[in-house]
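Those protein sequence lines, which keep their order, are chains A and B. Residue 1 is where the first sequence starts when you use my numbering, and the numbers rise one by one after that. Residue 1 is where the second sequence starts when you use my numbering, and the numbers rise one by one after that.
In short, the hints are calculated from the structure, not lab data. One or more of the hints may lead you astray.
Since the list gives no way to pick out one identical chain from another, each pair is judged satisfied if it fits inside one copy or across any two copies.
[To be verified] Pairs of lysine to aspartate or glutamate, EDC-like flavour, derived with a Cα cap of 16 Å:
#1 K711 - D790
#2 K725 - E361
#3 K686 - E522
#4 K329 - D520
#5 K791 - E675
#6 K809 - E754
#7 K711 - D797
#8 K805 - D753
#9 K339 - D170
#10 K419 - D654
#11 K783 - D654
#12 K639 - E205
#13 K805 - E754
#14 K600 - E383
#15 K75 - E322
#16 K809 - E436
#17 K791 - E429
#18 K306 - D175
#19 K382 - E646
#20 K49 - E596
#21 K757 - E492
Protein chains: 2
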Amino acid sequence: MAKYVYLFQEGNKDMRELLGGKGANLAEMTNLGLPIPSGFTVTTEACQKYYRDHSELSKEMEEEILKNLHILEEKTGKIFGDAQNPLLVSVRSGSRASMPGMMDTVLNLGLNDEVVNKLIKTKEKERFIYDSYRRLIMMYANVVKGYPKEKFERFLDEYKTKTKKATDLDLNAEDWCQITADFKKIYKEITNEEFPMNPTVQLLEAIKAVFRSWNNERAIYYRKMNNIPEDWGTAVNVQEMVYGNLNEQSGTGVAFSRNPSTGENELYGEYLMNAQGEDVVAGVRTPQPISSLEQSMPNIYQEFKKIAKMLEEHYKDMQDMEFTIENGKLYILQTRNGKRTALSAIKIAVDLVKEGLITKEEALLRVEPNQINDLLHPTFKKESIENTPCIANGLAASPGAASGHIYFHAHDLIAASKKGEKAILVRLETSPEDIEGMHYAEGILTIRGGMTSHAAVVARGMGRTCICGCNDLLIDEAKKTLITKDGMILKEGDTISLDGSTGKVYKDILPTEEVNISGDFEMFMKWADEIRNLKIRANAETIQDAKMAMKYGAEGIGLCRTEHMFFAKERILPFRKMILSNTLEERKSSLKEILEFQEKDFEQLFLVTSPNPIVIRYLDPPLHEFLPKTTLEIQELAKEIHVTEEEITKRIADLKEINPMMGHRGCRLAITYPEIAQMQTIAIIKAAAKMIKQNVPLSPEIMIPLVGDEKEFSYVKAIIDTTAKEVMQKENIKIEYKVGTMIEVPRATILADEIAKSAEFFSFGTNDLTQMTYGFSRDDASKFLNSYYDKKIFLQDPFTRIDEKGVGKLMEIAIHQAHKVNKTLELGVCGEQGGEPNSIQFFQKIGIQYVSCSPYRVPIARLAAAQAAICEKKNK
Amino acid sequence: MAKYVYLFQEGNKDMRELLGGKGANLAEMTNLGLPIPSGFTVTTEACQKYYRDHSELSKEMEEEILKNLHILEEKTGKIFGDAQNPLLVSVRSGSRASMPGMMDTVLNLGLNDEVVNKLIKTKEKERFIYDSYRRLIMMYANVVKGYPKEKFERFLDEYKTKTKKATDLDLNAEDWCQITADFKKIYKEITNEEFPMNPTVQLLEAIKAVFRSWNNERAIYYRKMNNIPEDWGTAVNVQEMVYGNLNEQSGTGVAFSRNPSTGENELYGEYLMNAQGEDVVAGVRTPQPISSLEQSMPNIYQEFKKIAKMLEEHYKDMQDMEFTIENGKLYILQTRNGKRTALSAIKIAVDLVKEGLITKEEALLRVEPNQINDLLHPTFKKESIENTPCIANGLAASPGAASGHIYFHAHDLIAASKKGEKAILVRLETSPEDIEGMHYAEGILTIRGGMTSHAAVVARGMGRTCICGCNDLLIDEAKKTLITKDGMILKEGDTISLDGSTGKVYKDILPTEEVNISGDFEMFMKWADEIRNLKIRANAETIQDAKMAMKYGAEGIGLCRTEHMFFAKERILPFRKMILSNTLEERKSSLKEILEFQEKDFEQLFLVTSPNPIVIRYLDPPLHEFLPKTTLEIQELAKEIHVTEEEITKRIADLKEINPMMGHRGCRLAITYPEIAQMQTIAIIKAAAKMIKQNVPLSPEIMIPLVGDEKEFSYVKAIIDTTAKEVMQKENIKIEYKVGTMIEVPRATILADEIAKSAEFFSFGTNDLTQMTYGFSRDDASKFLNSYYDKKIFLQDPFTRIDEKGVGKLMEIAIHQAHKVNKTLELGVCGEQGGEPNSIQFFQKIGIQYVSCSPYRVPIARLAAAQAAICEKKNK
């Protein structure tokens, strides 16, 4: 028979799949002898069974829970539901992956009228007990029964108004007694039943409710964003209550063993005296920094510091811990590997290697490659920050430089962001409901809450810039205004800038600049480079991009889209003339003008990337993409090139395509207009000749796009080779160059053995290959892909991450076929998945030699490639 | 060393690859002892070598030709170039496949001033000799030197005007002597050199010219149309001249051993006395029917008849023969299997089986499946023909009922036809230059020429309706008018109708009706059905099409495109309402209206096809295809459904797709709007229930289109199964139905093993599969495919004939994968290639069980499937 319940002492940290992260770590800590309130974990398998059983707890499972509850009673010497010596418990979720705040919790279970009446022995505790009881009633109605808390909260507000008491702290025991009675009435009113006095019912219902919360909207959205599978389910932890809000000798806090923002090796966190844990995380009251605990409760501080160090050494990673002090005694409620900024992740990884706690390989596996992205985002220009007065100061909760229009509600922000606006979410405090809005935001600004508030934790996890607890500002969420100390009023849509590294808020959008790579980051990336065997190139065509790519460690250019060179104002004109030509002669004369630009471009690119290879893709998009769209543009063009508007309009109509993605593009252009390929070849070879004569070593690789048949390839290759030979003879020089093709049409994968006979390299264009293999275009698929995710038909976006079974299989077929005839064929990937870590792992596995991605993603790809190499070694 | 020249006695009929069709048959007939003028053949390999040698004859080849010329001299007792006893020869092309009139011929080689002067011994022959000489000069200038004949012809016309002589026959020996002298002057004028007096030069140059004519425009176009490979080349036949224009005891003719139009077993042909062969084929003079030869030259007639019978028995097929009578002696110049109409092809095949000459299998292989198409084309309605007076009578040269606008020049007709107009080509007589125009024409009408004229032969080969020698009509090609006996004037663009079975021409466009299948055709198709193992279904959704399909022998419907049922006026409205719905409720209410139509449709389809299967494809095209396109239509719709124009316009804009082929369509619609699939299921199951209750057996197969992932399939299948179960419960009936999918997305082929687990059938949608595998859309590919053909990158249209290596390979992968998990999976093809004979051969090979094609193509597919089965048996 399956075992669905584990006492904390029965588990350990390696059982997170079964016990969830929280449960596994509570077990581990229990066995380490740390002060952990006793409890047990109902497993994730129980949750899966619950869903299989049509949202019912089986009889056996109920019995197993109650059996373990009895063990807990014995251990604590308290009895659940007993009026004399009651055991009170919390019920908390805990899944395999951390999903902070996404699922539900019920506290104070075990209270009922009888227990409460007996407990009220001392006037001192009366107020606390009623407060706990009314919280249980409200939470139960909300979490178990599914009604919003509003009615309760409104009643509480009205009660305070009526009794003229400003805050909860002003309410005394009688007030709470009265409120509790009224909460029970409200409970009956909205649920149509009495609040359950049977603690066992309370417990079992609460466990089911937490199981259900696995599928609330927030949790689903969070999972989708973080690629967490739907079918994992959550474990549930049942644990004896300890109270940070018992008295002034009590408190609760959250702390990291190192600074999660910068990575500094220092205890970092905050606490609130006389408060429950929820109060710290929710950001309702601004808490004290942990350092001040050293003064107020030195013993507790030292004990906690020791535990933190011990846990860090035990887990070999920075820990994020929750603790509660109940009447002067410290309890640890949770530990986990702490979420951290990219900056911090790298510093901690490097420091842990230096401290001898982990190996370089382990360090490399510690950092999520995508997080590196955050490090590469621009910062505000120094001079502009120095010369701009800030309008407010808050806590530097998550670094970065974010500018945008302010929005006060997540839904407004999402709407604006979908229209392409850069937006900043401004809230009094954030709550899990804001999660989607935070995802769309450039940055987050909250007025309340500390460094470990919801906003701060989530923003750091997402890599969003965040400033918290900025109480310099007065917010009116209803009116959608923000008032500065100087009385300046900011309205929805106004622009501000947030410096997440300093906590400073500025008006308007400030100019930014590129970051420098140095220090720990540089060392970390060096380790990655030492270990990986996949080469990383970049997609770039401008000198600026090429330079950035090289700075970020690219080993050449894997995709230079020559057509991007034609869109600049002074170049589009001859290009358009070329398209509108009626004769070969006219076309050749326009191409001559273009040739000069191309030649110069290539000279510069060769210079920047020397001696690394550059893969130059020949003209790819359909010609109509270059023609004007509006009447005005047509009029202008007509004037400029002395052609009638009618002629241009006619030509535009001629070139119109029903499915441009599957139209006259790629090598099909070179086949109908060989003179274009000739021009591009002349430009490359002449530029290369010039550079070689200046002793600049280089390695051009000419890539023919959209090949689906060996004859297409050979036809264009013949043009290239003939033209190159002529230019080389004229220049009296020999230039080594390769000719290869992009594999992006399904047919090319099937006939790779034919194509590979004469090709020197393949570069998989996974964007188009994905589109054609699935038979949907990226532009149009958005109309139905959401339905696909909702209905769990697709678990991931096939354009973001390689579809291993389908598109990936075709790639494998292509490689297998190609290797039969050409063992030295160079194999690369130049689709956007070339910079996506999971895809990189796959590409490594199937024998790809390099990936090419956007310059910004080069460091991500370097790290992902290192991780892929480490995993491959492990699996051998 | 290769042998490039074969004397006729050295060859035989099986050497057509080497000697060409004409050469191989001349050799065969020589060895049969028939009266064949002596000669030799320069092989097709020589032609290929000529092209490889940059259009030069090698020294060795020249020597080999001259060596054989000497043997010919010995055989004939005549000497080439000798003034006393000159050998005169013809040089004619002859490729592996018959390409009538496409390549060049030079006659009378061996004549020069010296020979001619000596030959003119009798006044009687003088006229003939000059005429032959001037023809040689003109032909040589034209064929060898490449100048048009015009200048010569114009001179001849002017000479006749000047001398007031109406026709060539009025010119006497002195005239021809003078003309010959002038022709030599013209020759020098245009070629800038003297006409060559050296016969060896004449011969070798003529051979090269014939080699070159393999690549003239007409020949290239003909090869492309008939899928004849470029690299075959032509052989050249050098043969002693015999003269049908020597005197009144001479003549020339063309005859078939059976009637090529109807297949009747009767000698069928025509001849002209005192004429050269070219005169008959060119249709310049209207010849006599062969039967009249029986009276005028009974011995010759009997001799020819005997030879024709002998050749037919020898070749076991109907023969097309050319003969010449020189001064009372019969010579056979050519025999080949005769081109014939579909009607005739089938009758002859059936008759030959009856006569015991060939087996049923051989008979089935004798008919080109595509030809059957011609038999199925409609004929004019009896009553309309009976009630319409015809405006002219001509020869019924090629059967069929053709109506259209008249054009007098091929290029005008091609232009009109490309605009979508149905057109009739009207010419005094056609010549090889008209070949492309004839291809585009619905029918051909010539004023001159007989049953074996160029127009008649080519039209029959192409399956075009043709009326020849319609000299009731007066034509003015320059003015583009046609005048009837009654003085009615028809101008370019006016409409006429041609009945190719009666030779009658009507004014205006007459209504047509379907043909009946019976007699020989029925028996022939029965043989095909006995032998084939591939089932043939039809693509049909209307009752009319379904009925026609069943009449033509379809074994069910292989593709019922349900969306085609929505385009009718009264149905498009609720469909549009459905698309424009804002809520699920609105959508459901519109679907309810549609449901009623669908249900009735299916009832009728079940009735028509019972008990055969119907594969019903669920809604496939993107929704925007159903919405109005013009402002006017939008206004109307707005009024009809009480929605503002803006709303409709907005929705149209919302639904617009960049690449509709790769957009929101196929099963993607059923996933976003499950209610559509529900409605379609209800309609099918309810209709089926009703029919079964009426004892109509049926077999519905529900096809989910555009599946690329097993989960897509399962999701929609679940909707179908759930809905069907509900309806069946309500109707209290059990209905057997299958659920399968169309395989048309490359990913589906790769993941076929997953999809086949729950699918009951696969139907390959080769249209879309081809588009996505190649990555080009049919609509857009026309812009570059011509370049691909010109540059020999593609040898065939991949949409017409299956691409075996690419698309076909994916099909094989899919079948292999699917069979691993599902041995009973039904496999079909429902793309247009399902009716293409070569593709059918491939489908048979890879294990497809049925093909589905348009109703008209069903008989073609039946025959092609029989041929595929015969070939498979042979290859075993």
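Now for the hints, and whether the structure bears them out:
no. : hint        : result
1   : K711 - D790 : between (44 Å within a copy, 13 Å between copies)
2   : K725 - E361 : neither (48 Å within a copy, 57 Å between copies)
3   : K686 - E522 : neither (37 Å within a copy, 70 Å between copies)
4   : K329 - D520 : neither (39 Å within a copy, 106 Å between copies)
5   : K791 - E675 : between (50 Å within a copy, 15 Å between copies)
6   : K809 - E754 : between (18 Å within a copy, 14 Å between copies)
7   : K711 - D797 : between (34 Å within a copy, 15 Å between copies)
8   : K805 - D753 : between (21 Å within a copy, 11 Å between copies)
9   : K339 - D170 : neither (37 Å within a copy, 109 Å between copies)
10  : K419 - D654 : between (32 Å within a copy, 15 Å between copies)
11  : K783 - D654 : between (29 Å within a copy, 10 Å between copies)
12  : K639 - E205 : neither (77 Å within a copy, 56 Å between copies)
13  : K805 - E754 : between (24 Å within a copy, 10 Å between copies)
14  : K600 - E383 : neither (34 Å within a copy, 77 Å between copies)
15  : K75 - E322  : neither (23 Å within a copy, 115 Å between copies)
16  : K809 - E436 : neither (34 Å within a copy, 45 Å between copies)
17  : K791 - E429 : neither (33 Å within a copy, 68 Å between copies)
18  : K306 - D175 : neither (41 Å within a copy, 129 Å between copies)
19  : K382 - E646 : neither (53 Å within a copy, 51 Å between copies)
20  : K49 - E596  : neither (70 Å within a copy, 44 Å between copies)
21  : K757 - E492 : neither (62 Å within a copy, 55 Å between copies)
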